[in-house]
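For the record, the sequence lines run as chains X and D.
Once you know that position 71 of the first sequence is 71 in our numbering, the rest is easy, because the numbers rise by one and skip nothing.
Once you know that position 15 of the second sequence is 15 in our numbering, the rest is easy, because the numbers rise by one and skip nothing.
Think of the hints as simulated: they come from the structure by calculation, not from any bench.
None of the values given here were measured: they were computed from a predicted structure.
Careful, some of the hints might be misleading.
[Stated by the list, open to error] Chain X stretches covered by chain D per the calculated footprint, using a threshold of three residues with CB under 8 Å from any CB of chain D: (1) 28-41; (2) 45-59; (3) 104-110.
[To be verified] Computed cross-link-like contacts, DMTMM-like style, restricted to lysine to aspartate or glutamate with a CA-CA straight-line distance of at most 25 Å: (4) Lys-2(D) to Glu-44(X); (5) Lys-40(X) to Glu-84(X); (6) Lys-40(X) to Asp-83(D); (7) Lys-56(D) to Glu-15(D).
[As the list claims (entries may be wrong)] To give an idea of the chain X side of the interface with chain D (calculated C-beta under 10 Å), a few residues: (8) Val-4; (9) Gln-6; (10) Arg-9; (11) Leu-88; (12) Leu-90; (13) Cys-91; (14) Ala-92; (15) Ser-94; (16) Gly-96; (17) Asn-100; (18) Thr-101.
Glycine residues also receive a C-beta, built at the ideal position from the N, C-alpha and C atoms.
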Amino acid sequence: ETGVTQTPRHLVMGMTNKKSLKCEQHLGHNAMYWYKQSAKKPLELMFVYNFKEQTENNSVPSRFSPECPNSSHLFLHLHTLQPEDSALYLCASSQGQGKNTQYFGPGTRLTVL
Amino acid sequence: QKEVEQDPGPLSVPEGAIVSLNCTYSNSAFQYFMWYRQYSRKGPELLMYTYSSGNKEDGRFTAQVDKSSKYISLFIRDSQPSDSATYLCAMSLQGAQKLVFGQGTRLTINP
Numbered sequence: 001e002t003g004v005t006q007t008p009r010h011l012v013m014g015m016t017n018k019k020s021l022k023c024e025q026h027l028g029h030n031a032m033y034w035y036k037q038s039a040k041k042p043l044e045l046m047f048v049y050n051f052k053e054q055t056e057n058n059s060v061p062s063r064f065s066p067e068c069p070n071s072s073h074l075f076l077h078l079h080t081l082q083p084e085d086s087a088l089y090l091c092a093s094s095q096g097q098g099k100n101t102q103y104f105g106p107g108t109r110l111t112v113l
Numbered sequence: 001q002k003e004v005e006q007d008p009g010p011l012s013v014p015e016g017a018i019v020s021l022n023c024t025y026s027n028s029a030f031q032y033f034m035w036y037r038q039y040s041r042k043g044p045e046l047l048m049y050t051y052s053s054g055n056k057e058d059g060r061f062t063a064q065v066d067k068s069s070k071y072i073s074l075f076i077r078d079s080q081p082s083d084s085a086t087y088l089c090a091m092s093l094q095g096a097q098k099l100v101f102g103q104g105t106r107l108t109i110n111p
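Given the sequences, and given the hints that come with them, work out the whole structure.
Below you can see the structure in the form of structure tokens.
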């Protein structure tokens, strides 16, 4: 498929659960992104990491907590989510600043009950 | 006003037709323009990438950018059922990592 993988592909969780989404890129890129894709809405950028450092937080609620241990891995930790957080969560990567062609993973379909 | 406007469709055309997909935008500073294709239950796949104004062709696909009108287009010639997908336009500022996406147009090519 692509050089960006995401697990799990599907996740159902209750509002009191804690879960994590994982993303791994095999493209040698230095930047990684989390996006939220809801029905009938444009993709919403959530977080940007460059060389493991968070460089953008697009006013995301604190119940979403990203972690980037190295340039190849990105996590999104979830806790006390709301039903309106149900969406497709996409991870992307790019070479880095100045090179903004982004490559996406297949996404995690999240349902919050 | 949205930064990027894209008709969500759905758009349905017969196989072999020429398809025209469009986006308009409000920020004249956008310099990079992209088209992504997203199949059902998949992530977006980069289809075309254009810098500034002009045309770019890749096989059956042609991307056009008209910065004076703040209007971009994607043309698909000899459309195939396998082209059925949602097409997303995206754009960014010079040197910026943030992509601004359109809502996506859902396209169906009927055999």
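Query - Violated hints - listed by number, lowest first - result: As far as the earlier hints go, not one is violated by this structure.
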